[in-house]
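**Student:** These are the residues of each chain, in order.
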Amino acid sequence: MKIDRRSFLGLGLGAAAGIAVSPVGVKLTDDSSIWTQNWPWTPVPEDGEITYENSVCSLCPGSCGISVRKIKGRPVKIEGDENCPITGGGACLHGIAGLQYLYDPARVKTPLRKNGKRFEPISWEEAISTVAGKLGEIRENGSDTLGLITGGAQGSMTGMFRRFLDAFGSSNAFAMPSLDANLELTAQTLHGAGKTLGFDLENSDFVLSFGAGLLEGWGSPVACYKANSSRKERHGKLYQIEPRLSNTAANADKWIPCKPGTEADLALGICAVLLSKNLFAPGVYPGGLNRFTANVTKQYSPENVEAITGVKAADIEKLAVEFANAKNAVAIPGRGRGDQGQSLREFAAVQTLNALTGRLNKKGGVFIFDKESYLSFPEAAMDEIAEAGAGKDKQAASLDELVTKINASDAPLLNALFVYNANPCYALRDPKRVKDAFKKVPFVVSFSSYLDETAMEADVILPASTFLERMEDVPSGGGLAKQVVGLARPMVNPVFDTKNPGDALIALAQAMGGTIAESFEWETYEEALEAIAESVWETLSEEGYAVVAEGNPEGIPTTNFAYMADMPDAVQAQGDGKLILMPIDNMRLTGASSPFAVKTVSDKVIAGKDVVVEINPATAKGLKDGGDAVITTPVGKAKVKVFLNEGMMPGVIGMAKGLGHTYDNPYVAGKGVNVNDLIAPVIEPGSGLDAAFGITASISKA
Amino acid sequence: MSEIENKAENGSMDGAGECTAGDPKDDKGLGLGVIFFMGAFLICFLSGWLLFPKLLYSKKEQPFNFDHALHTGEAGDCESCHFLREDGTFSGIPNLESCMECHTDEPMGETEDEAVFCEEYVAKEKEVPWLVYARQPDCVYFSHAAHIMGENAKGKIDCITCHGHIGESTTSRPYEENRITGYSRDIWGKNIWGIKKNSWDRMKMDDCAECHVEMDGHKGYCFQCHK
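Line order of the protein sequences matches chains A and B. In terms of this note's numbering, the first sequence has 304 at position 232, counting the first letter as 1, and numbering is strictly consecutive. In terms of this note's numbering, the second sequence has 1121 at position 36, counting the first letter as 1, and numbering is strictly consecutive.
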């Protein structure tokens, strides 16, 4: 016997075969695949005790209650809060993605100061003393040259900023366009100052919506979603009037397409039918109804309205009768989200319809609320400069008018500007002109959490903690039929070196000294909030909510027809193109979009990096579905993709709003174009609102 | 015969001659090869079967011995300690607070294990670091509520179906941890071949699927368990 090559071969083969038929192979394959899931560099969320804490979302005016799921104190998920009087536990896709904003790549991580074209990080102490020093100089030479732009006009945080302006000696506080402001202006015009409107959609059996995107983010979105769902159980009706078969229109019982920007004319046409058929309800009309009746029936006969709106005269008459005979009906104004590109004429025309059919303060109708303020600020300390500044008029009636005036003036109209919770350099029409105006303001201070389009234009950024990192009162608005204030509480310590803007403002006031410091004699914003929200603080801090007003107010409010009787002119789209470009509100792209929300946008809205425009096949001569095209308006030009859509009225091009961000967030920016770049504002005489519902445009094959 | 034919004949003869001449020697070589083959096969097969599991798993002892039988006798059924919380989550291993509903830092019985528990954990208010035999990997989402709270037999599975007769045990067996994956041996099952006799013998994905097919006629979808 000799051990040779073959013996070794036998040995090797034997070993291999032995291993192969043993469990080693199967087991190791299985284990190694599990091992790959446990590589030490794969992040594994820490396990621990699960807790829930309630807060309020303030990403949009919805004021929805949220329940934050935490593991070992770390927030991991946001859900709806079942006890929330507004949503009853519902939440939208932005709310549930709220945690993404904490770690947004564009967050401002520390105070910044602009040096040339770049920002350099500075300490909070340095930032506050820089701003205080600069403001001190400016105050010496005219205190009314400090301006303020805020996102909304409600709540204690805006109150604090306005108080700072009062104490400084300026009345130049402006807010971004909002549904709240539009409703307030409407109420003021028709029912008197200090009032606002709330729509009882939950109890209405017939909602006549003049383009209100009830499923596109109008008002308080989750509350609208809920009211729409319950409508089906209640067998209520929804008629949607707008040029496009939107989600809301598709969900409605009837879609009534009308030409863009003619919603007010249709409302007035219905009013005319009601008045001529004597179908209107008695009301309290100081100043009378006669002049309005005479003018509206003359100008807005069904035939005239058919020519303006494209809705058949017979249909208008039928609709008027149906609306007048419905039990708990309500008409709601505000195209899309109801915030931008709205006209007072339209809001007032729709509300006139409510008034004429006796829907005021009725269940399922519209409530005329006194603008209850649960906040009471102690009187601000004023020195001579402040007194002098308080006597001066605001530079403009609205933010859009201010931008126009700054650009038109040679000398700086404002020497300093505060921006809080607003992104006008993106969100206003023709943002290029807004950026130009910002460049003409020598000193801009931003309180933004993100280095967005507007913060980029700032000289100093005092970064704000996000809504999950700070305390704040969040008043409801958005046309809700109740007035609720919620309390947002810090769910997590600030992730970066940011502050509650209220605290930043207190620090700034203290650094300014004098009566400004005296007006801000609180240690912290939280202490200030407790003091100024004293009337509701106990409920607010214990329950997380306080209901300020609920149910229909008593009595029939007065309606003054003077404004409508004057028959204000309709706003026309700028330019002489044949088609109308209309922005489309989309629930997934409202406000500051999260990466999660942007991921859910359909490829009928954005295809790759190109924005998709909707156009009726009859209008799209020579354009192919999915093909490239160029759209041109009097203010801009953009490359787009075409989506032929029968649900778009002929003659109209629809483009999604909320795309084309240019700031440093790869998940949200660099996608499509900003529709505002293509639309110029049209200021409505009287209201000062930018009422541009769209702009004329032409489209051609690329 | 031509030269060519001769060559051919010789050639073939040569070949045949070599073959026959080499046979006896080669037979021996092959035989040895077979022996080596068989030997190596047997050794490797047996080590793969018997030795490999011993190498693959490390044994760990529980902090102290736990007598389930004694506790079910005293406290009642499984739900006395392992229950669903109000929010639908499962309490799993009871925490110290739950134990202290009965136990104090003075032992109730006379066992050495209880003495350890009282001295080391209750007195020091320290959670017991139990090793959990049934812990699934992190990528698996399992809801106890969905499996025990149902209205019909499908959703009303008793504890034994998956956990076996652990409630009758008097001692805690050693916890065997897979050195590669870090998970308990109970998931793959005691049997290294993956053969099971009882429904509770192993708890891999196929075992979940097996029961789901039986109950629902369908394996279920990926995201039901992998969220």
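Worth flagging that the hints you see were computed from the coordinates, not collected in a lab. Treat the hints with caution; some may be incorrect.
Restricting the straight-line Cα-Cα distance to at most 16 Å, the calculated cross-link-like pairs of lysine to aspartate or glutamate (EDC-like) are [as the list claims (entries may be wrong)]: (1) A:K390 <-> A:E378; (2) B:K1289 <-> A:D103; (3) B:K1275 <-> A:D103; (4) A:K144 <-> A:E118; (5) A:K298 <-> A:D277; (6) B:K1281 <-> B:D1291; (7) B:K1275 <-> B:E1262; (8) A:K99 <-> B:D1223; (9) B:K1289 <-> A:D638; (10) A:K435 <-> A:D638; (11) B:K1312 <-> B:E1197; (12) A:K477 <-> A:D465; (13) A:K142 <-> A:E125; (14) A:K693 <-> A:E718; (15) B:K1139 <-> A:D103; (16) A:K142 <-> B:D1172; (17) B:K1281 <-> B:D1292; (18) A:K507 <-> A:E274; (19) A:K99 <-> B:E1262; (20) A:K331 <-> A:E718; (21) A:K370 <-> A:D682.
Computed from a predicted model, the values in this text were never measured in an experiment.
**Student:** All the hints need checking, so say for each whether the structure fits it.
**Tutor:** Consistency of the hints with the structure:
1. A:K390 <-> A:E378: holds, 13 Å
2. B:K1289 <-> A:D103: holds, 12 Å
3. B:K1275 <-> A:D103: Between K1275 of chain B and D103 of chain A the Cα gap is close to 15 Å, so the pair holds against 16 Å.
4. A:K144 <-> A:E118: holds, 8 Å
5. A:K298 <-> A:D277: Roughly 14 Å separates the two Cα atoms, so the pair holds.
6. B:K1281 <-> B:D1291: Distance ~12 Å between K1281 of chain B and D1291 of chain B Cα, so the pair holds.
7. B:K1275 <-> B:E1262: holds, 12 Å
8. A:K99 <-> B:D1223: violated, 20 Å
9. B:K1289 <-> A:D638: Given pair K1289 of chain B, D638 of chain A is violated - Cα atoms ~78 Å apart, limit 16 Å.
10. A:K435 <-> A:D638: Measuring from Cα to Cα gives roughly 30 Å; hence the hint is violated.
11. B:K1312 <-> B:E1197: violated, 43 Å
12. A:K477 <-> A:D465: holds, 14 Å
13. A:K142 <-> A:E125: holds, 8 Å
14. A:K693 <-> A:E718: holds, 14 Å
15. B:K1139 <-> A:D103: Holds: K1139 of chain B and D103 of chain A sit about 15 Å apart, inside 16 Å.
16. A:K142 <-> B:D1172: Judged against 16 Å, a Cα distance of about 14 Å means the pair holds.
17. B:K1281 <-> B:D1292: holds, 10 Å
18. A:K507 <-> A:E274: Violated. K507 of chain A to E274 of chain A sits at ~42 Å, over the 16 Å cutoff.
19. A:K99 <-> B:E1262: holds, 14 Å
20. A:K331 <-> A:E718: Roughly 15 Å separates the two Cα atoms, so the pair holds.
21. A:K370 <-> A:D682: violated, 47 Å
Hint violations for this structure: numbers 8, 9, 10, 11, 18, 21, all remaining hints satisfied.
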